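Line by line, the protein sequences give chains U and D.
Residues 1 to 296 (the working numbering) are what the first sequence spells out, left to right.
Residues 1 to 236 (the working numbering) are what the second sequence spells out, left to right.
No lab work stands behind these hints: they were computed from the structure.
Check before you lean on any hint, since a few could be wrong.
Claimed, not checked - Cut-off 25 Å, straight-line C-alpha distance, at most; resulting in silico cross-link-like pairs (DSS-like, lysine-lysine): (1) U:K150 to U:K128; (2) D:K188 to D:K171; (3) U:K258 to U:K201; (4) U:K258 to D:K188; (5) D:K108 to D:K188; (6) U:K258 to U:K43; (7) D:K171 to U:K285; (8) U:K174 to U:K134; (9) U:K283 to D:K108.
Bear in mind the structure is a predicted one, so any value in this text is a computation, not a measurement.
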Amino acid sequence: MTNETSTENKIESAIGERMTTEPDRPGQAVPATAEVPGVIETKDMSVFYGDFLAVANVSLNFGANQISALIGPSGCGKSTVLRSLNRMNDLVATARTEGEVHYHGQNIYAEGVDPVEVRRTIGMVFQKPNPFPKSIFDNIAWGAKVNGFKGSKTDMAGLVQEALEAAALWDEVKDKLQESGYSLSGGQQQRLCIARAIATKPDVILMDEPCSALDPIATLRIEELMMELKENYSIVIVTHNMQQAARVSDKTAFFNVKLNDTGMRTGRLVEYSPTEQLFTSPKEKDTEDYITGRFG
Amino acid sequence: MTDTKDTNIHFHQELEELDRKVLSMVDRAEQMVEMAVQAVTNDDVDLARRVVVLDRGIDATYMEVHQDWTSLMARNQPLGSDLRRMTILIQLNVTFERMGDQCVNIAKIAQLNHGLPRVERICEQIREMGDLVRPMIRTAIEAYVRGDVDEARLLPAMDQPVDRLNANMYKETVAVGNNPQLLEWATKMLMVSRALERIGDQAVDFGEQTAYLMTGERAEFDEDGMTRPIDDHDNI
C-alpha cells in the first residue's frame with residue numbers, strides 16, 4: 001500500500017468499465033444481481049488487526065445503483081468489511097488487508113493507488129453524525145475545497161445548494177447556511193454529513209449504521225433519502241436493524257462469527273442474496289437462525 | 001449449532017401458542033364435518049344445532065387469533081421461517097373459520113330439510129364425501145405439525161374422488177324426478193356436496209401452506225401433488 005504517487009487517473013479511468021463477473025463460477029465473487037453491473041468487488045479479502053484475523057475470505061460483488069446491506073451479529077466483521085471498501089482501515093495502524101478490492105475492475109489496494117482519492121470516490125457516512133465545527137455552508141464547502149474544488153464563489157454556492165438538495169436538507173437550512181452545523185437536529189446533522197459526502201462527487205457511498213443514533217422519523221428521512229440517492233450512487237450500508245436492511249436494500253450480505261481451533265473469533269460471509277429472499281427464505285441455516293433470533 | 005441460544009424465546013413461545021390456537025380450530029372443524037354430515041344424512045336437527053353452537057367457538061378463536069397475530073406482528077416483525085409461519089397462520093385462520101362456516105351451512109340445510117322425503121343413495125354419497133374429506137383434514141394437520149411436505153403432497157390425490165362425487169351429484173339431483181318436495185331436498189343436498197367439496201379444497205390449500213413453510217417456495221400442487229409454480233399459467 002502506498003500513496004507515493006497520485007493515481008487519480010487510474011481510479012477515474014476505471015469508472016465506466018463495468019465488470020462482467022459470471023454468476024456462480026466457483027471461486028468468483030457472488031454477482032451483485034443478474035443483469036446489474038458491479039461497482040465494487042472484493043476478491044478473497046481478509047482483514048487483520050495485528051495477528052487477529054477479523055474477517056476472512058470475503059468475495060462479494062456490490063451492484064451499481066443498488067443499495068447493498070451488510071448485516072450480522074456484533075464482531076462479525078461487517079464494519080471492517082465496509083471500511084476496507086474505501087481503505088478507511090489504512091488509518092488503523094495495525095490493520096492489514098489481504099486479497100483484492102476492485103472498484104470498476106481496478107484493485108484499490110494496488111501499488112500506486114492513492115487512498116485519499118479512493119475515499120473521495122467511495123465516500124463514507126458514519127454512525128454518529130460528525131459535522132465539522134463550522135457553519136452549515138462550510139461543512140459542505142470545506143470538503144470540496146480539500147478535494148481540489150477550484151470554482152468561483154458562485155460555483156461553490158451552487159455546489160453547496162446542489163449537495164444539500166441531494167441530501168434533502170436544502171429547504172430546512174437555506175435560510176441559515178451560516179449557522180453552526182451543530183445547531184441542527186441529529187437527523188439533520190446526518191443528512192448534512194451525507195451532503196458533505198455527496199459534495200465531493202463520489203460514485204459510491206458507504207454508510208456505517210447511519211441511523212442508529214436517530215429517532216424513527218429522522219430514520220425514515222434518511223431511508224427515503226437513500227432510495228433517492230441510489231438513482232445516482234451505489235450504496236453499501238452496515239446496519240444492526242434487520243428491518244431497515246429489509247426495507248431499503250436490494251441485496252443483503254449476512255456475516256457470522258466463527259470460532260476457529262485457536263479460539264479466534266473471525267467473521268465470515270455466510271450468504272449474499274437478494275434481500276427479499278434472504279429475509280423470507282434464506283438459503284443457509286446460519287442465516288435462518290440469525291434472522292429468527294436463534295444464534296449462539 | 002449445538003450451542004444455539006434462542007434470543008427470541010418469548011416471541012417463539014407466543015408463536016407456538018398462536019399455532020396451537022389455530023390448530024385447535026381445525027381440530028374442531030374436523031369434528032364439525034362429521035357431525036354436520038350425520039345431521040344432514042340422518043335428519044338429526046339436534047345434532048345440527050350443536051354444529052352451529054360449535055362454530056361459535058371457532059368464530060371466537062378466529063377473533064382471538066386475529067388479535068394475537070396483530071399484536072405479535074406489531075411487537076416483533078419476524079423474519080425467515082418465523083415470517084413464513086406468521087403469514088400462513090393468518091391465512092389458515094381464515095381458511096378454518098370458513099371450514100366452520102361450511103359445516104354451519106350443512107347444518108342449516110339439515111334443519112331446512114327436516115321432515116322432507118329423501119333419497120338414500122344421495123345420503124350415502126354425502127356420507128362417502130364426508131368420509132373422504134375428514135381424513136384429508138387429518139392428513140393436512142399431521143403434515144403441518146410434522147413439517148412433512150411429502151405427506152402434504154398426498155392431498156390433491158385424496159381430493160380427486162371428492163371432486164368426482166361432487167360432479168356426480170348434479171346427475172343424482174336431476175335423477176330424483178319431478179316430486180317438488182324431493183327436488184327441494186335434493187337441490188339442498190347439492191349445496192351440501194358443494195360445501196364438502198370446498199372443505200376438501202381448503203385441506204389441499206392447507207397442504208400447500210405447509211409446503212411453503214418448509215421450502216420457502218410459494219406454489220400450488222397439481223393433481224399429483226407436484227409443485228406448480230404460481231406463475232405457471234399454462235397448466236391451470
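Check your understanding: If you check each hint against the structure, which ones fail?
Key -> 1, 3, 4, 7, 9
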